[in-house]
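> If you read the sequences in order, they're chains A and B. The numbering used here numbers the first residue of the first sequence as 1 and each following residue consecutively. The numbering used here numbers the first residue of the second sequence as 1 and each following residue consecutively.
Be aware that one or more of the hints could be misleading.
Given that identical chains are not distinguished, each listed pair holds provided it fits within a single copy or across any two copies.
Think about it this way: if two alpha-carbon atoms lie no more than 25 angstroms apart in a straight line, the pair counts; the simulated DSS-like pairs of lysine-lysine are [said to hold, decoys possible]: (1) 144 / 102; (2) 28 / 78; (3) 78 / 170; (4) 144 / 78; (5) 104 / 135; (6) 178 / 78; (7) 135 / 64; (8) 28 / 100; (9) 102 / 78; (10) 107 / 63; (11) 78 / 100.
Derived by calculation from the structure, the hints in this document are not laboratory data. Computed from a predicted structure; not experimentally measured.
Number of protein chains: 2
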Amino acid sequence: MQEGRIERAFTYFESGAVLLVTTNDGTKDNVMTISWQMVLDFVPHIAISTGDWNESFQTILDKKECCLCVPTFDMLEKVVQIGTSHGSECDKFERFSLPKAKAKINKAPLIPDCLAVLECKLEDYVEEHGILIFKGLLLWENTKKKEQRVIHANGDGTFFADGEFRNMRKEMGQWVPKGSERL
Amino acid sequence: MQEGRIERAFTYFESGAVLLVTTNDGTKDNVMTISWQMVLDFVPHIAISTGDWNESFQTILDKKECCLCVPTFDMLEKVVQIGTSHGSECDKFERFSLPKAKAKINKAPLIPDCLAVLECKLEDYVEEHGILIFKGLLLWENTKKKEQRVIHANGDGTFFADGEFRNMRKEMGQWVPKGSERL
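Extracted from the complex, chain A is given alone in its bound form (with noise of 0.2 angstroms):
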């Protein structure tokens, strides 16, 4: 993986895909798999709906960060294995032979499997609505990965990967934001 532009970071999670969240309790790393994600603003700053069944989510609101990962959809079984497996049971990186790397400002490990990597710090949590509130630091890309369709999750146990492409950049225009372009 290589540094990228933060101003193109949030294209990574506006349409949807799903996420795997990395966290490093002070001991040990976990990882979690979330599709319950949202951009805010292109700074970005990125929302996640999560809750106390899931174990990462105190290691987040102790060492308020975590890395965003965003898995391909060749990555769709492990995915699935990790978001249906507990931390207290198992390393989920040893068990799902999934390889981590050290991030440059988190604690966090990165996937360097997966298409981007966002390193983020906790800004807030919206306890009445079990939002968490980052904002991504820096940006990790994986430009030449075969494999570039994300996953979407439909809640329902099944899944779909990018499909038919369409640019519509003239139609937008000055919508556009400026320095996004990556597809």
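Fit chain B to the known structure of chain A by using the hints.
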């Protein structure tokens, strides 16, 4: 469109589909395009991120309701046109030849060409982060529409349709929410 089970309403949103959000300010219907949206639970509560640059925003705060409509990929041109024009300049339904219909609970109209429509009431506004929290009240489905692919915005003026499909219900087991099966 026909009424559908509210238990599967969240599945129309979880993949990160671009939405058309309809409102009625007491005098006039309006519609805006939103891709910053997130599921919060299976009720469902749905969050969207917006602000006062959208005319519909003030109407939602005033009337405390809207319809969240899920357009299909064949509607992409209209979705972009709606997203790049202002309701103050024109009647968007008329200008873009967008059929509408009466909702059952809400004053805001349905868009019957969409794959699904969720009649929602506003439950909260998290001002600090520009997040509107909706509770879904009634689901409309368009199960007979030939085009079932939804739209995913990358945020840089490019879009994807749903592509390759994978059913992982067996692998997910108990983690598939009861009554959610749609695809």
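> Each of the hints needs a verdict: does it hold here or not?
Going down the list of hints, with the structure as the test:
1. Taking the shortest alpha-carbon separations for residue 144 and residue 102, only the intra-copy value of 20 angstroms comes in at or below 25 angstroms, while the best inter-copy value is 49 angstroms.
2. When the C-alpha separation of residue 28 and residue 78 is checked against a cutoff of 25 angstroms, the pair qualifies only within one copy, where the shortest distance is 19 angstroms, while the shortest distance between copies is 49 angstroms.
3. In the homo-oligomer, the alpha carbons of residue 78 and residue 170 lie at most 25 angstroms apart only across protomers (14 angstroms), although the nearest pairing inside one protomer, at 38 angstroms, exceeds that limit.
4. In this assembly of identical chains, residue 144 and residue 78 lie within 25 angstroms of each other by CA distance solely inside one copy; the values are 21 angstroms within and 34 angstroms between copies.
5. Proximity of residue 104 and residue 135 under a CA criterion of 25 angstroms is satisfied intra-copy only: 15 angstroms inside one chain copy versus 40 angstroms between copies.
6. Only between protomers do residue 178 and residue 78 lie at most 25 angstroms apart by alpha-carbon distance; the minimum there is 23 angstroms, versus 35 angstroms within a single protomer.
7. Proximity of residue 135 and residue 64 under a CA criterion of 25 angstroms is satisfied intra-copy only: 11 angstroms inside one chain copy versus 29 angstroms between copies.
8. Taking identical chains as interchangeable, the C-alpha atoms of residue 28 and residue 100 lie at most 25 angstroms apart only when both belong to the same chain, with a minimum of 13 angstroms there against 54 angstroms between chains.
9. Taking identical chains as interchangeable, the C-alpha atoms of residue 102 and residue 78 lie at most 25 angstroms apart only when both belong to the same chain, with a minimum of 20 angstroms there against 44 angstroms between chains.
10. Taking identical chains as interchangeable, the C-alpha atoms of residue 107 and residue 63 lie at most 25 angstroms apart only when both belong to the same chain, with a minimum of 9 angstroms there against 45 angstroms between chains.
11. In this assembly of identical chains, residue 78 and residue 100 lie within 25 angstroms of each other by CA distance solely inside one copy; the values are 14 angstroms within and 43 angstroms between copies.
The structure shown violates none of the earlier numbered hints.
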